[in-house]
Amino acid sequence: MWKEKVMEVLEGHFGTKKEITETSHFLDDLDGDEIDIVDVTVQICEKLDISIPEEETFDIGTVQELLDVVEKNVV
Amino acid sequence: MLLASAGGGVLYVKKLQGDLDTAKGNIIKLEDGINEQKAVIAQQEADFEAITSIRNDLEDTNRMLETANRNLNEKFNKLNASGERRDIGALSTSRPLSIQRILNKDEVNERRCFEIIQGAELTEEELNATKKSKINTVCPELANPNYIPY
Chain B
329 MWKEKVMEVL EGHFGTKKEI TETSHFLDDL DGDEIDIVDV TVQICEKLDI
379 SIPEEETFDI GTVQELLDVV EKNVV
Chain S
11 MLLASAGGGV LYVKKLQGDL DTAKGNIIKL EDGINEQKAV IAQQEADFEA
61 ITSIRNDLED TNRMLETANR NLNEKFNKLN ASGERRDIGA LSTSRPLSIQ
111 RILNKDEVNE RRCFEIIQGA ELTEEELNAT KKSKINTVCP ELANPNYIPY
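These protein sequences, in sequence, are chains B and S. Last residue of the first sequence? That's 403 in the working numbering, and every number before it is there in order. Last residue of the second sequence? That's 160 in the working numbering, and every number before it is there in order.
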C-alpha cells in the first residue's frame, strides 16, 4: 500500500511520460535533480505521515533506493 | 689669385665635411627615434594582446556565470509535472541539511568552473561524464564536453 502511494507521488512529481520503475535513476532517467529527491521525500513523508531522517536520504539515486529508505521508516 | 682660390676650396670642403658630420649625427638621432617608436609599437601590440586575452577570459567567465545563474534559477523555481513551483524556502526549512549539502556541492562545482576558465585541464572523470548524475551542473558545457543534455 505504501509503495503505491510512493509511486503516486513520483508520477505526480515527474509525470508519466517517462516510465518510472524501481531501477529508474532520478537524475539520469527522470531528468530530475538532487532537490527533486528532497522534494519527493517531503511529499512522501506528508502522504504516508512518516518521518525520514535526512541523513538516510543523502545517497538516494534510484527509485529503489528511495523505496528502501521509505520501507525502513514506515511503521 | 691661385692661392686664394685654393684656400677657398679648402674652406668649402671643410664646410661640406662639417655639414656631412651634422647630417650623420641627425641620421643617428633619427634612427634612435625610429627604434624608440618601434619599441613603443611592440609594447602597444603586447598590451593589445594582453587586453584581448583578458577580455576573452572575462567573456568566458560571463558566459559561465550566465549559465550558472540560469541553472540556479531553474533549481530554485522548477515546476514539477503537476505544475507546482518548487518552494526552496519551505524545503530549506523542512530539510536544511539536505539543501545545505546540495548548495555546498554547487559551490565546489562553481570553484571548479573558475579553475577550468583559468586554464585547468579537464580530468578523465570530467571528460568521460555522459550522465547527468556525473556532470558539473554549474558549467557542464565547460566541464563535460561529452555530456549531451536530455
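One or more of the hints may lead you astray.
[As the list claims (entries may be wrong)] Some, not all, of what chain B presents toward chain S, calculated at C-beta under 10 Å:
| # | residue |
| --- | --- |
| 1 | 330 |
| 2 | 335 |
| 3 | 339 |
| 4 | 343 |
| 5 | 347 |
| 6 | 352 |
| 7 | 362 |
| 8 | 366 |
[Stated by the list, open to error] List of simulated lysine to aspartate or glutamate pairs, EDC-like, C-alpha gap at most 16 Å:
| # | chain 1 | residue 1 | chain 2 | residue 2 |
| --- | --- | --- | --- | --- |
| 9 | B | 375 | B | 336 |
| 10 | S | 88 | B | 359 |
| 11 | B | 345 | B | 359 |
| 12 | S | 144 | B | 332 |
| 13 | S | 115 | B | 387 |
| 14 | S | 141 | B | 383 |
| 15 | S | 85 | S | 70 |
| 16 | S | 115 | B | 332 |
| 17 | B | 400 | B | 383 |
| 18 | B | 375 | B | 359 |
| 19 | S | 85 | B | 336 |
| 20 | B | 346 | B | 336 |
| 21 | B | 346 | B | 356 |
| 22 | B | 375 | B | 387 |
| 23 | S | 88 | B | 387 |
| 24 | S | 85 | B | 332 |
| 25 | S | 88 | B | 336 |
| 26 | S | 144 | B | 387 |
| 27 | S | 144 | B | 382 |
| 28 | S | 144 | B | 396 |
| 29 | B | 375 | B | 356 |
| 30 | B | 331 | B | 382 |
| 31 | B | 375 | B | 347 |
| 32 | S | 115 | S | 131 |
| 33 | S | 85 | S | 134 |
| 34 | S | 144 | B | 399 |
| 35 | S | 141 | B | 382 |
| 36 | B | 400 | B | 382 |
| 37 | S | 85 | B | 361 |
| 38 | B | 375 | B | 361 |
| 39 | S | 141 | B | 332 |
| 40 | S | 141 | B | 359 |
Simulated from the structure, these hints should not be mistaken for laboratory data. For glycine and all other residues, C-beta sits at the position ideal for the given N, C-alpha and C.
Hint by hint, here is what the structure shows:
no.: 1; hint: 330; in the structure: 20 Å, violated
no.: 2; hint: 335; in the structure: 13 Å, violated
no.: 3; hint: 339; in the structure: 8 Å, holds
no.: 4; hint: 343; in the structure: 3 Å, holds
no.: 5; hint: 347; in the structure: 13 Å, violated
no.: 6; hint: 352; in the structure: 12 Å, violated
no.: 7; hint: 362; in the structure: 5 Å, holds
no.: 8; hint: 366; in the structure: 5 Å, holds
no.: 9; hint: 375/B with 336/B; in the structure: 10 Å, holds
no.: 10; hint: 88/S with 359/B; in the structure: 12 Å, holds
no.: 11; hint: 345/B with 359/B; in the structure: 11 Å, holds
no.: 12; hint: 144/S with 332/B; in the structure: 30 Å, violated
no.: 13; hint: 115/S with 387/B; in the structure: 13 Å, holds
no.: 14; hint: 141/S with 383/B; in the structure: 25 Å, violated
no.: 15; hint: 85/S with 70/S; in the structure: 22 Å, violated
no.: 16; hint: 115/S with 332/B; in the structure: 32 Å, violated
no.: 17; hint: 400/B with 383/B; in the structure: 13 Å, holds
no.: 18; hint: 375/B with 359/B; in the structure: 23 Å, violated
no.: 19; hint: 85/S with 336/B; in the structure: 23 Å, violated
no.: 20; hint: 346/B with 336/B; in the structure: 14 Å, holds
no.: 21; hint: 346/B with 356/B; in the structure: 12 Å, holds
no.: 22; hint: 375/B with 387/B; in the structure: 22 Å, violated
no.: 23; hint: 88/S with 387/B; in the structure: 22 Å, violated
no.: 24; hint: 85/S with 332/B; in the structure: 28 Å, violated
no.: 25; hint: 88/S with 336/B; in the structure: 19 Å, violated
no.: 26; hint: 144/S with 387/B; in the structure: 14 Å, holds
no.: 27; hint: 144/S with 382/B; in the structure: 22 Å, violated
no.: 28; hint: 144/S with 396/B; in the structure: 23 Å, violated
no.: 29; hint: 375/B with 356/B; in the structure: 26 Å, violated
no.: 30; hint: 331/B with 382/B; in the structure: 20 Å, violated
no.: 31; hint: 375/B with 347/B; in the structure: 22 Å, violated
no.: 32; hint: 115/S with 131/S; in the structure: 20 Å, violated
no.: 33; hint: 85/S with 134/S; in the structure: 27 Å, violated
no.: 34; hint: 144/S with 399/B; in the structure: 27 Å, violated
no.: 35; hint: 141/S with 382/B; in the structure: 25 Å, violated
no.: 36; hint: 400/B with 382/B; in the structure: 13 Å, holds
no.: 37; hint: 85/S with 361/B; in the structure: 8 Å, holds
no.: 38; hint: 375/B with 361/B; in the structure: 21 Å, violated
no.: 39; hint: 141/S with 332/B; in the structure: 28 Å, violated
no.: 40; hint: 141/S with 359/B; in the structure: 10 Å, holds
Consistency note: the structure conflicts with the earlier hints numbered 1, 2, 5, 6, 12, 14, 15, 16, 18, 19, 22, 23, 24, 25, 27, 28, 29, 30, 31, 32, 33, 34, 35, 38, 39.
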